[in-house]
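> Residue numbers (the numbering used here), protein chains in the order written: chain A, 6 to 115; chain B, 555 to 1050.
No lab work stands behind these hints, which were simulated from the structure alone.
C-beta atoms are modelled at their ideal positions from N, C-alpha and C, and glycine is treated no differently.
Worth double-checking, as some hints may not be accurate.
[Unchecked claim] Rough simulated footprint, nothing fancy, chain B against chain A, three-plus residues with beta-carbon under 8 Å: (1) 56-65; (2) 68-80; (3) 102-114.
[As the list claims (entries may be wrong)] Keeping only pairs whose Cα atoms sit at most 20 Å apart, straight-line, the calculated EDC-like set for lysine to aspartate or glutamate is: (4) Lys856/B with Asp900/B; (5) Lys79/A with Glu62/A; (6) Lys732/B with Asp18/A; (7) Lys732/B with Glu19/A; (8) Lys78/A with Asp900/B.
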Amino acid sequence: MPIEVNGKTYETDEEGYLANLNDWNEDLAKAMAEADGTTLDENHWEVINFLREYYEEYQIAPAVRVLTKAIGKKLGADKGNSKYLYELFPYGPAKQACKYAGLPKPTGCV
Amino acid sequence: MADFETPEVKEYLEIPALKQGVMSHSKPFVSKEQFQEPLGFPGELVENWQQVAVDKLGELLKTNRGLRVFMDSCVKCGACTDKCHYFLGTSDPRNMPVARQDLLRGVYRRYHTLPGKLFPKLVGAMDLTEEVLDQWYSYFHQCSECRRCSVYCPYGIDTAEVTMATRDIMNAVGKGQKYSNEIIGKAFKIGNNLGLPEHALADTLEGLEEEVKEDTGVDVRYPLDEKGAEVLLVTPSADFFAEPHVDGLIGYGKVFHQAGISWTLSSHASEAANFGVFIGSMENMKRIAMRIREAALDLGVKRIVFGECGHAWRVAYSFLNTLAGPFDFLDPRYPVPQHICEVTYDLIQRGALTLDKSANDHRRVTFHDSCNVARASRMGDIPGGQFVIPREIIKAVCNHYYDMAPDTIGEATYCCGGGGGLLTDDLMELRVKGALPRMQALREVTEENGVTHLAAICAICKSQFSKVLPYYGFQMDQIVSVHQLVSDAIVMAPRQ
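Okay, chain A solo, but in the shape it has when bound (with noise of 0.2 Å):
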């Protein structure tokens, strides 16, 4: 099901990741939280750029300890757990937050 933003057309795959990384935008990460009914503040986009610019280092999704770590040191301590990051993306920050960062979806036993 592509998904449609500013008059373009994106790929992605049947659970809505984006097919191809390099498709990504800010609007389009922005279209697909309202969809879910999320409207994306600084908080959102702090944990989003972080798993973009992780992506691009290691081509895969930081794991959870990496994400709750960085995030702790860049919006304090308190906010560095993952109790803080479902409050954020409550379908889980792995999932939810991979999705409207652009990268695919991890796999496995998570």
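Take the given structure of chain A and dock chain B to it, following the hints.
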């Protein structure tokens, strides 16, 4: 997100009134060419698929004599009918193990038995039509290969084998399941199910070392690819990535550290899971298993230890030697392979670990026996060791331990609802409904004994429970790793 109702947890687990075909819509995403090819399967449904399927079934009947026995010996006694968590949770009579099996059995009779060839209608034989293939795809992805029904079958028919065979046939005709097949491809290409490349793994492990140092003040190592280590630890990649899995991994490291055992992980075999078993593909199972042998030889280790992963332990305990043996280069004084729980239990027995149980006093714990450990393997050297050892570990590190009802644990354990290659979001309805019997048992010990945490030794169980516990009014963090409990209780001292 949920467009289905979570089953109601009542006072007792009821055998539901039948709702014919109510789960026939449940189907995982079909695999694509890019995921099929690396496994040696056709990219899409082949033109002469009926013939290919019938031939493949014939081949399996020859190579797996058990399968023919399972096809022939069912007497429709009904003992299995109310034993499946998916039947109990969904009410769909096709999820009675016998009814699900009959989807293959009917085809077997039609093409591989004389009466079925001559008088199909008289013997319940069935033509292999597109509709039947569709039912195969739906219902053989509503079996987690947990084998609870087999415990109650007077003929010992192994339902998991029937499911595996049917999935193998479906892959042979080009109708594979995306979730399992994409993952197997990643294990081949990158070394693990997650697709975690070597430098990301190294970075993650480094982060864990820092975290443990901050928590304990002790330099506990999480080494990768260290030649000459005594132990190669093979663990599910979820242990690197997800919670509560990672807390278990931290625990393994602490145990090795305190025992003074040198160990290493391998980037080549950075995955314990072997999804080849889920899709019934011997070739893929073998290829995945060979990575472990190669890593062990390359690193020159003396022992292979498996982390907390249910089906990996089944494959390791029951098949590893056949798939990737002989392991005559390992130290014969230790079991080949060994489970991390055996290692920890042994150390506890010898008084080699200092444990402060009170560290877990904020938890009242019960243990979920994972199906593949419970019904397809063993631990230690006594019958039922796979039930005793994890519980003895928990009791050594926790003051408050309570078992769930006896008909829901041990060899009668209920599947978490996400095993056997079904731990995928496209099967969420099935996963939630299939968790009902376990949630029922958990509710009971919660009410009667004030249990707060469910401990498990399987990555799938842990992820499945994190996801489904909230549907039943529990918290997602009530599921913990057994070695997370060990990790919290183990008294760390800087090594002299």
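> Does each hint fit the structure? Answer for all of them.
Outcome of the hint check:
Counting residues of the stretch 56-65 of chain A whose beta carbon lies closer than 8 Å to any beta carbon of chain B gives 3, which meets the minimum of three for the stated coverage. Proximity of the stretch 68-80 of chain A to chain B, defined as three or more residues with a beta carbon under 8 Å from a beta carbon of that chain, is established by the 5 residues found. Restraint check on the stretch 102-114 of chain A versus chain B: 4 residues with Cβ-Cβ distances below 8 Å, three needed, restraint holds. The straight-line distance between the Cα atoms of Lys856/B and Asp900/B is roughly 17 Å, inside the 20 Å bound, and the hint therefore holds.
In summary, the hint linking Lys79/A to Glu62/A is supported, as the alpha carbons are separated by about 19 Å, within the 20 Å threshold. Proposed proximity of Lys732/B and Asp18/A is supported: the alpha carbons are some 12 Å apart, at most 20 Å. Distance restraint check for Lys732/B and Glu19/A: the Cα-Cα separation of roughly 11 Å lies within the 20 Å cut-off, and the hinted pair is therefore satisfied. Simply put, Lys78/A and Asp900/B have alpha-carbon atoms about 40 Å apart, too far for the 20 Å limit, and the pair is violated.
The earlier numbered hint that this structure contradicts is number 8, and it is the only one.
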